[in-house]
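Participant: Each chain is listed here by its residues.
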Amino acid sequence: DSGVTQTPKHLITATGQRVTLRCSPRSGDLSVYWYQQSLDQGLQFLIQYYNGEERAKGNILERFSAQQFPDLHSELNLSSLELGDSALYFCASSSLAGYNEQFFGPGTRLTVL
Amino acid sequence: QQQVKQSPQSLIVQKGGISIINCAYENTAFDYFPWYQQFPGKGPALLIAIRPDVSEKKEGRFTISFNKSAKQFSLHIMDSQPGDSATYFCAASSVYSGGSNYKLTFGKGTLLTVNP
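Quick mapping for you: the protein sequence lines, in order, are chains X and Y.
Going by the working numbering, the first residue of the first sequence is number 1, and it counts up by one from there.
Going by the working numbering, the first residue of the second sequence is number 114, and it counts up by one from there.
Treat the hints with caution; some may be incorrect.
Unchecked claim - Derived pair list, reagent style DSS-like, types lysine-lysine, alpha-carbon separation capped at 30 Å:
| # | chain 1 | residue 1 | chain 2 | residue 2 |
| --- | --- | --- | --- | --- |
| 1 | X | K57 | Y | K184 |
| 2 | X | K9 | Y | K221 |
| 3 | Y | K155 | X | K57 |
| 4 | Y | K181 | X | K57 |
| 5 | Y | K155 | Y | K170 |
Claimed, not checked - Beyond 10 Å from chain X on every Cβ pair, some chain Y residues (computed):
| # | residue |
| --- | --- |
| 6 | E139 |
| 7 | G156 |
| 8 | L159 |
| 9 | T218 |
Derived from the structure by calculation, the hints contain no laboratory data.
Glycine residues also receive a C-beta, built at the ideal position from the N, C-alpha and C atoms.
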């Protein structure tokens, strides 16, 4: 158990809908990262937050957004969902000590029908 | 543009054998190279990591070899066990200006099967 929690574990929704994925980092970790894992694209970095502020953006669509709250939990919002958004979404956290060991949560499996 | 290339895509090894997975990177700014292990239905778990100032790091049966001039690094699993059967990902990261930006760039993964 990495100490990173994600909810829900599974999410099934329809095209055009909006969903929110939630992540709680390990105790004491200030940095949260979101990654998308799909069969064709592999693990892709989406966005990073550090202590409530956006710090880096990767291949994140404009339909997707995220935020980190004062208690350090983070939410990833996916809107106008398309079939191609079906994937595993992982949250990772790090304390930024040393060389940034990132610890991943169990993921949320999103299925868009 | 794939910045971290991983091979092979799949690997079958007999119990007790050595599993070797290779990665090559392009971005010379990368300065941290972790390996992750992922079981079906689980998130990636950090296995072992290396920095470019050393050429080898060993933790138990797992060893990373790093060749900075060739921009390559590899994972060796000694005495491979059926419980090692999983997908292995190499990754790389760099520190952007301003710090706190350590996004990981992952290889495509290697599915390792260790036969009993």
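Participant: Of the numbered hints stated previously, which ones are contradicted by the structure, given in increasing order?
Facilitator: 7, 8, 9
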